[in-house]
Amino acid sequence: MTEVQDHSPAALDDRDRHFADHAAYGTDLGVSLGALRLANPVMPASGCFGPELAGLLPVHELGAVVTKTLFSQRRSGNPSHRLTESAQGMLNSVGIPSPGSAEFIRTVLPRYRSFGVPVVVSVGGLAVEEYLRITEELADVRCEALEVNVSCPNLEHGGLAIGTDAATVERVVSGVVARTSLPVIVKLTPNVTSIGDIARAAEQAGATAVTVANTFPGMAIDLEGRSAVLGNGVGGLSGPAVRPMVLRLVWQAAAAVRIPVVGCGGVSTARDVLEFVLAGATAVQMGTATFTRPYAMTQVLRDLDALCHELGIARLADVRGTVRI
Amino acid sequence: MNTPLDTEAGIPVRDSVTPLSDGGTRTGAGLPAPTWHRARVLVSTPYGRGYHFLRLEAPSIARTCQAGQFVMLTAARDGDDGPVLPRPMAVYGRDPRAGTIDILLGVVGDGTRRLASFGPDERMLVVGPLGQGFRLAPRTRRVLLVGRGIGTCSLTTVAQECAGTDVEIVAVASGRSADRVVGADVYRAAGVTRLHEVTDDTGASDVARLRDLLTADLDQAPPQQIMTCGSERLARLCEELGRRWSADVQVSLEAHMACGLGYCHGCATGTRSGPEESPLICADGPVFRLSRQDAER
Chain D
132 MTEVQDHSPA ALDDRDRHFA DHAAYGTDLG VSLGALRLAN PVMPASGCFG PELAGLLPVH
192 ELGAVVTKTL FSQRRSGNPS HRLTESAQGM LNSVGIPSPG SAEFIRTVLP RYRSFGVPVV
252 VSVGGLAVEE YLRITEELAD VRCEALEVNV SCPNLEHGGL AIGTDAATVE RVVSGVVART
312 SLPVIVKLTP NVTSIGDIAR AAEQAGATAV TVANTFPGMA IDLEGRSAVL GNGVGGLSGP
372 AVRPMVLRLV WQAAAAVRIP VVGCGGVSTA RDVLEFVLAG ATAVQMGTAT FTRPYAMTQV
432 LRDLDALCHE LGIARLADVR GTVRI
Chain Y
16 MNTPLDTEAG IPVRDSVTPL SDGGTRTGAG LPAPTWHRAR VLVSTPYGRG YHFLRLEAPS
76 IARTCQAGQF VMLTAARDGD DGPVLPRPMA VYGRDPRAGT IDILLGVVGD GTRRLASFGP
136 DERMLVVGPL GQGFRLAPRT RRVLLVGRGI GTCSLTTVAQ ECAGTDVEIV AVASGRSADR
196 VVGADVYRAA GVTRLHEVTD DTGASDVARL RDLLTADLDQ APPQQIMTCG SERLARLCEE
256 LGRRWSADVQ VSLEAHMACG LGYCHGCATG TRSGPEESPL ICADGPVFRL SRQDAER
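Protein chains in written order, with my numbering: chain D, 132 to 456; chain Y, 16 to 312.
Just chain D, same shape as in the assembly (with noise of 0.2 Å):
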């Protein structure tokens, strides 16, 4: 810890205290995502971060940034309501509203670099083209690494999530790795018979990590009113009530390919993240968790050092993929 200098606590926020804080115990957090050097491991989830948090925790601290989903094309997402909350979690139904391209390069990108991080651009679309156009509207654009939102759903085929078929991921992901010489990360969807088919997939078309998992499908009905309580009728369910089903998730993928695996589902403390590493996964990323508590990554990543100098850990690598069985 660093003392503050100068000020006497009562003068100072707690937010102010936070920023002052510093890393204690010298833990290497540094991780690899292929070419991709990240001083630790924890990084937003698309979507559950925005430039708007730049006050509210020290984001240069973090791994990465990553950005909502981005569409080629202008999207005004789903009618409300966009969220309710259920048992440790929360659904929403947003329906990932995007500037476009154009307006996202002008307005919205700078303002992620301006963090000093490495970028992720999440992209998305509804059709293979879609993603393939955005990733060639993206190719002289300055950011670290491209993550591919196979989630939403495909127009072509009925609306069923892209990322639920293997042979519709490697299309698009083959597609976009043509097209760039970015890292391709490409973010699944959980809502599969096997996740390391899907995974294999991504990885046979150049992905240079998975992220494991988007959200899970959910529903709320309002029983006064007799209606969804969701404008969309239904959404995806996040939060610490989805994490042993991402654990699980996660030690399957991981299992299946070689390439790293970013965790994603319900991490909300240090002890989450080292539970996600020793399944396997390389990285993670928080979303809930900073609805919750702006300053919940920044926290992590110093419990996480703390942690794992109490665990006698040095080096966070070194633990990966090591659970027992």
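Hints should not be assumed to be uniformly reliable.
Unchecked claim - Among chain D residues calculated to face chain Y with C-beta under 10 Å, some are: (1) Thr215; (2) Met221; (3) Val225; (4) Gly226; (5) Arg310; (6) Thr311; (7) Arg357; (8) Gly397; (9) Ala401; (10) Leu405; (11) Leu409; (12) Phe422.
I should point out that these hints are in silico values taken from the structure, not numbers from a laboratory. Beta carbons are placed, not taken as given, at the ideal position from N, Cα and C, and that holds for glycine.
Given chain D's structure and the hints, the job is docking chain Y onto it.
Just chain Y now, with coordinates in the frame of chain D:
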């Protein structure tokens, strides 16, 4: 903020509003930067019927919060896995010198029950100040505040800000019964010119009777601005009175929120899909201009 709005058939108020910031500048000049406190709970006590009063030590927010802005309160204690969503709450009162903010919450579900269970000296995470508050125009000399139930909490800081100025405040505090009318203490302390407390059990809160009361009170010297929160029916009455008096009408809306800052896009106003995303209650609001023109498109 804070309470489910009374609803009736017809176009929801949330589909009839436009942002106060023309051109959609969300981080408008003059808005204080949000911060957070792990705020010490100084007072935690039941209030009226079904309400709970919290006084929190949150000096930065107490210093910078503008009338009608809100804060997010995290109901999960350290180590708890939920509730995951913080609760958006109007700032009912603030004391910049003491460094405190007051919150009056309606205890309606698990989250608000947990917030009410925080005892003195516990720490509660509070993020704020957030959103676009009420805009008092320089020419305004008289403001009508119309609040219903816990919705009145969004309006009380307007009266606090006008205290000691030459802006006259006429306030309506409506509720189902006398123990569900809130705000009278803050309004009186702020020295409002007139306070009308109206309840359902006497019939005085009925829209037609309230219309008669307010036109009799204000037709001779109408307000330049009307600010309202907590009821669809009262918002529509304010809209009507705004036309009658050529007054500007502003309404504070409420929604479930996740981020409170604008990046999650969870609190869009629009109940129907359109080519453009509708305004976000957290960042474009919670205070909006109420206008029928949009609804008639």
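Structure versus earlier hints, numbers of those that do not hold, lowest first = Violated hints (numbers, rising): 5, 6, 7, 9, 10, 11; every other hint is consistent with the structure.
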